[in-house]
Structure formats: structure tokens, C-alpha cells
Amino acid sequence: MATKTYCWAIIDAMREEMERDESVLLIGEDVAAAGGSFGATRGLLDRFGPMRVRDTPISEEIIVGLGVGAAMTGRRPIVEIMFIDFLGLCLDQIANQAAKTHYIYNGLFKMPLVIRTSSAAEMGIGPHHSQSWEALVGHIPGLKVVMPSTPRDAKGLLKAAIRDDNPVVFIEHIALHRVKEEIEDEEFLIPLGKADVKRVGRHVTVVATGLMVARALAAAETLAREGIEIEVVDPRTISPLDIDTIVESVRKTNRALVVTSSLKQFGLGSEVAAEIQERAFFDLDQPVKRLSPPFTPAPFGRQFDEYLNPSADSIVSAVRELVA
Amino acid sequence: MTQDPLDTYRRMVLIRECEAQLNEAFAKNLFPGYIHSYLGQEACAVGVCDGLADSDVIVSNHRGRGHYLAKGMALRPMMAEMFGKATGVCGGRGGEMHAADPAIGILGGNGIVGGGLPIAAGAALSAQMDGKGAVAVAFFGEGASNNGSFGETMNVAAAWKLPLILVCENNLYAEMTPFEQTVAQPDVALRAQGYGMPGEVVDGNDVIAVRNAAARAIARARSGEGPTLLELKTYRWGGHFEGDPRKYRTRAEEAEWKARCPVARFRDVLLDRHGLDEVNVRKVEEETAAEVAEAITFALESPLPVPETALSKVYAA
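Here the protein sequences come in this chain order: A and B. When the count follows my numbering, it moves up by one through the first sequence with no breaks and lands on 324 for the last residue. When the count follows my numbering, it moves up by one through the second sequence with no breaks and lands on 317 for the last residue.
To be clear, the hints were calculated from the coordinates, so they are not data collected in a lab. Where a beta carbon is used, it is the ideal one built from N, C-alpha and C, also for glycine. One thing to keep in mind: the hints can contain errors.
Unchecked claim - DEER-style ranges, computed between Cβ atoms:
1. B:Thr182 to A:Glu248: 56 to 64 Å
2. A:Pro50 to B:Gly243: 36 to 44 Å
3. A:Ala274 to B:Asp7: 53 to 61 Å
Stated by the list, open to error - Taking beta-carbon pairs under 10 Å as the criterion, some of the chain B residues facing chain A (in silico):
4. Val89
5. Gly92
6. Gly122
7. Gly133
8. Val201
9. Arg251
10. Glu253
Claimed, not checked - Non-contacting residues of chain A with respect to chain B, defined by C-beta distances greater than 10 Å in every case (computed):
11. Ala33
12. Glu61
13. Gly67
14. Arg75
15. Tyr103
16. His129
17. Gly142
18. Asp165
19. His177
20. Glu248
21. Ser311
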């Protein structure tokens with residue numbers, strides 16, 4: 001066992017997979033010489049050389065397109081789009097090309113492409129660096145969407161994503177990069193599409209993603225002191241969504257709260273809530289509750305971040321309402 | 001790759017017949033969608049693909065049948081794909097703008113103007129990493145040259161010396177808008193210099209000129225010197241799609257370009273310079289026309305894919 005940050009878990013995952021499989025390559029802005037804008041590609045250029053670890057110009061469409069074309073011709077590229085907000089510059093390559101190629105050509109091509117990107121929601125960087133677009137990419141058939149909340153999950157999921165024959169949008173949260181966790185030295189993979197119950201409880205199921213998982217766990221401590229035991233379920237993969245694990249939990253607790261950074265309107269919470277009511281309506285004692293930012297851009301400033309986003313306190317309040 | 005002029009001619013006629021007979025099927029209401037005709041541009045695809053091996057790859061666009069046939073896609077499954085039939089090369093789900101055959105380096109068409117350029121660069125990156133001298137070709141129109149993907153692809157291809165040939169078929173009309181109305185400088189090839197690669201304007205209706213220019217670009221790419229932009233000046237005989245009333249240009253202009261027919265032009269070369277017998281050339285034309293007619297019959301008689309198959313293969317297993 002060794003203590004690893006989320007950031008080093010990401011680096012370890014890429015290094016292990018690049019060592020294991022020569023077809024894996026890494027391209028993106030500042031990923032080579034600079035070691036990543038957030039330090040998440042440190043050491044990879046030195047280890048694997050400039051043929052497999054490449055700095056690109058600030059040209060998001062070609063970054064993803066290089067990955068699509070390389071994936072169609074036998075490689076397993078990892079491409080980095082620095083912030084998820086920049087997906088607007090390369091959405092054609094992601095949504096029309098990467099996501100649909102296997103389907104359009106009836107399986108003639110595989111698309112083993114990982115698009116690593118970051119969310120910096122609530123980090124005070126303003127409206128073009130603070131969005132949570134997991135629901136947007138989750139709406140595109142053919143893509144898998146992964147959103148790890150812990151270092152161990154980040155490592156196991158990234159390794160699985162690199163080995164997957166489908167395009168995977170892998171969303172890291174910058175605020176999680178410094179989070180530490182004990183990780184085993186032995187190799188492990190975490191399958192895509194499997195939720196994880198982060199805390200077992202019996203009164204309310206709290207489905208939380210990304211940055212919200214730690215807040216749900218903090219809320220759980222407060223609520224436990226009041227005798228309310230919440231079960232915290234982290235889907236980890238947004239698409240395909242492991243709705244079975246969520247519904248199984250709701251059948252036990254009969255109450256559900258969904259907490260996301262994804263906006264409330266047309267958001268991830270809407271999808272989870274709809275699935276729960278379709279599959280487990282008669283198990284519910286209360287309507288499913290959503291806790292998500294309101295339908296607005298994210299202005300610059302911590303005071304706005306705190307005002308707009310769910311917190312441990314607001315999770316506690318929402319759970320209290322559900323059990324009242 | 002071919003050195004046989006009659007084989008080059010056969011492929012030009014194959015494309016010509018395919019496009020002409022598809023238009024007839026469309027006129028009889030037998031075609032289930034839009035046709036983006038390649039009529040008039042035959043020398044472009046054939047001249048470029050004559051210099052390519054199966055291990056070289058091409059990325060096509062929405063006007064792709066010429067590219068597919070020039071690169072060697074089997075006629076019947078290609079035709080069935082155009083009609084959306086289960087016997088098509090993609091099981092009928094790709095349709096008129098999408099066909100592929102990775103075994104011979106055809107990486108597909110595209111419904112997005114400019115969408116294929118970055119993909120071709122990615123294929124060229126793979127070829128560069130493999131180090132076996134293979135090249136990638138991006139076919140696109142002059143319309144796509146005004147898409148952001150063109151600039152991003154040009155820059156990275158030049159900066160990384162990718163073995164990529166960017167083939168711009170300038171047929172003068174970006175959908176329904178004359179290209180010259182959308183640019184201050186109508187030679188796409190001139191942009192190459194700004195990105196640090198050679199660019200060349202070529203008569204796109206002269207298959208020999210195209211072939212020679214492509215051969216230079218391919219040799220440059222194979223030897224690791226990097227990409228080339230070829231601008232093939234040509235003309236789209238039909239509209240953007242079949243049925244387009246073509247109000248944006250005159251019938252006189254169309255007649256002028258049809259007089260420069262690339263197929264007839266190369267036929268004259270075969271007879272005059274290569275001394276081929278008229279009878280042999282006509283035999284190729286008749287055989288090819290019959291082959292295309294048979295492929296269309298095959299497509300028409302083939303079954304449609306079962307609707308439930310729409311749910312399959314969203315993901316690779």
C-alpha cells in the first residue's frame with residue numbers, strides 16, 4: 001500500500017498502461033514538456049519519449065481528431081482537453097466522429113480513445129472554466145463517461161478506460177487532484193459502468209457524483225449523530241449509468257436524493273430521478289429530491305460558487321426534509 | 001497502385017457510370033435519399049488513388065463514391081450501402097455518405113464538411129509512428145477549406161511532418177454558394193505556404209496531371225518530409241445534391257466545363273498517345289456499364305436491415 005494523490009493515481013494509471021501496451025499514446029496541450037497543466041502527466045515524456053507523448057498547439061478539434069484517426073488505425077490514444085468547457089471547440093470530433101464511427105460502419109472500426117478532461121467547478125475561475133458538462137456528454141450514444149471521485153477509483157477507472165474499445169470521456173475534478181488515499185501496489189482495474197456504495201445506510205439513498213461524493217459523506221457524519229443513516233452511492237460512470245445499484249439501494253431506503261454539480265435543468269439528477277421513479281415508484285415514501293446548481297452560468301467568485309452549489313449543509317437539510 | 005492506363009480509365013468509367021446510373025435511379029424515384037454526385041470529378045479520385053497501396057489510407061467526405069471506387073471498394077456492397085440495404089458494406093446503416101473498408105485503407109466518408117480532415121491527420125500520425133512509409137490522404141472540397149478543422153489540420157500536419165496528402169477538390173461551389181464569393185483569394189493551394197508546406201494548383205480534370213502531382217506528394221510523405229496540399233481545380237457537374245435546381249450558376253458555364261470532360265479527355269489520350277484500339281476501349285466501357293447496372297439491380301433487390309438492428313453496435317463489445 002502507498003498513499004497516493006488523485007493526481008498521481010492518474011499518472012500511475014497512464015504510465016502502467018503505456019508500459020503494458022505500446023499502442024497507447026498521449027497527446028494534448030502541455031502534456032509533454034510541461035508535465036500537464038495540473039501536473040497530471042509528469043514524467044511521461046521522459047519515460048516514453050516524444051513519439052508517444054506529444055505537446056500540441058491550442059487546437060482542440062485536431063487534438064481529438066488525431067485521437068480518432070489514430071484509434072481507427074490501431075492505436076489506443078489518450079487525448080487531453082484541458083477543461084471540459086473547451087469541448088465546444090471539438091464537439092464534432094467527439095459527438096459525430098468518435099462516438100458514432102463504430103456504429104455507422106457497423107463495427108468495422110473500434111474506437112479505443114480516452115478523452116481526459118477536467119472540471120474546475122467551484123474553483124473561482126469564472127464562467128468559461130467552471131462548467132459540469134457530464135450530462136451533455138452523457139446524452140451522446142456511443143460515448144462512455146467516467147467521473148471518479150477518489151484516487152483509487154481514478155486509477156482503476158482510467159486503466160479500464162484505456163483498455164476499453166469505446167471512446168471514453170474521463171472527467172477529473174481539479175479540486176480532487178490533491179486528495180490522498182491508500183492504494184494497493186498490485187495492479188487493479190475498476191470496470192466501467194459499476195456504481196460504488198461509498199457508505200452503507202438505511203434511511204435515505206444519496207446518489208452523488210464527483211466533487212459531491214465527499215460532501216455527501218461529510219453530511220452522513222452529521223446526520224448519523226441525529227440517528228439518520230444515509231447510503232451514499234457514487235455511480236462513478238455516468239454513461240452507462242449503473243441504475244441497478246441505485247434502484248437496489250432505493251428499494252431498501254425508500255427515499256432518494258440526487259446531488260450533482262451538473263445543472264438541475266436537463267441534468268444528471270433529472271435522469272437518475274426519472275429512472276428511479278420508473279423502476280421503483282411504489283418503493284418510494286417521498287418524491288425523489290434533486291440538489292443541483294440552478295440554471296445559470298457560473299460567475300467569477302467563491303461567494304457565487306458557495307451560493308449556487310450543493311454543500312454538506314444543504315445535503316443535510318434536504319435529507320432531513322426527506323425523513324421528516 | 002496501377003501503371004496500366006487502361007485500368008486507370010476503367011476506374012474513371014466505373015465512377016462515371018456509377019454516378020450516371022444512380023442519377024437515373026434517383027429520377028425514377030428508386031433512391032431512398034439524397035445523392036451527392038461525383039460526376040465531373042473522376043480524374044481527382046483516380047489520379048490520386050493510382051499512387052496508393054492498400055496499406056495507405058484515405059478519408060473521404062460526403063461526396064465519396066469516387067474515392068471509394070478509385071481506392072478499390074467492391075462495387076456491389078458499396079452500391080447496396082448507398083441504398084441503405086443489409087447487404088451494404090456497413091449493413092446499410094451508413095447510407096449515401098458513409099462507407100468504409102479498413103482492409104484496403106478506406107476510413108469512411110463523412111456527413112460533416114471538414115469532419116474528416118483531423119481524422120486523416122490521426123491516421124497519418126499512426127503511419128508515422130509505424131515507420132513503414134505508409135501515407136494518409138484527406139479528400140475534401142474547397143468548402144471545407146473554410147472550416148476551422150482545415151487550419152488546425154494543416155498546422156499540425158506541417159509542424160509534425162505527418163505523411164499526409166491534403167487533396168482539395170475545388171469544384172467551385174460550396175454547396176450552393178460560389179467559392180469566390182466567400183474568399184478574397186480563390187486559390188486554396190496558396191494557403192500552404194503560410195503553414196509551412198508545399199501547395200500546388202493542379203488541373204483536376206486531367207488525370208495525368210493529378211497523378212503526377214499526387215506522386216510527388218506521396219513520395220514526399222513516404223520519405224518523411226511531410227505533408228502537401230494539392231488543389232485540384234475541377235467542376236461539379238450536378239448540384240450540391242441531385243435535384244438541386246442550380247440557380248446559382250448558368251447552363252452555359254456547365255456546358256463549358258462539360259466540354260472539358262475528364263473521362264473523354266483521358267480516352268483521347270489512350271487512343272492517340274497509347275495507341276489503344278477503339279474497340280478495346282469501348283469493350284471496357286460496355287463491361288463497366290453492365291457491371292454497374294448489375295450492382296444497382298443487386299442493391300434494389302437486397303433486403304433492408306431489420307429495424308431492431310438499430311439498437312445494436314452502439315458500443316463495441
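Now the hints, each set against the structure:
{"no.": "1", "hint": "B:Thr182 to A:Glu248: 56 to 64 Å", "result": "57 Å, holds"}
{"no.": "2", "hint": "A:Pro50 to B:Gly243: 36 to 44 Å", "result": "51 Å, violated"}
{"no.": "3", "hint": "A:Ala274 to B:Asp7: 53 to 61 Å", "result": "59 Å, holds"}
{"no.": "4", "hint": "Val89", "result": "8 Å, holds"}
{"no.": "5", "hint": "Gly92", "result": "8 Å, holds"}
{"no.": "6", "hint": "Gly122", "result": "2 Å, holds"}
{"no.": "7", "hint": "Gly133", "result": "14 Å, violated"}
{"no.": "8", "hint": "Val201", "result": "25 Å, violated"}
{"no.": "9", "hint": "Arg251", "result": "36 Å, violated"}
{"no.": "10", "hint": "Glu253", "result": "33 Å, violated"}
{"no.": "11", "hint": "Ala33", "result": "15 Å, holds"}
{"no.": "12", "hint": "Glu61", "result": "5 Å, violated"}
{"no.": "13", "hint": "Gly67", "result": "6 Å, violated"}
{"no.": "14", "hint": "Arg75", "result": "6 Å, violated"}
{"no.": "15", "hint": "Tyr103", "result": "6 Å, violated"}
{"no.": "16", "hint": "His129", "result": "21 Å, holds"}
{"no.": "17", "hint": "Gly142", "result": "6 Å, violated"}
{"no.": "18", "hint": "Asp165", "result": "4 Å, violated"}
{"no.": "19", "hint": "His177", "result": "28 Å, holds"}
{"no.": "20", "hint": "Glu248", "result": "23 Å, holds"}
{"no.": "21", "hint": "Ser311", "result": "36 Å, holds"}
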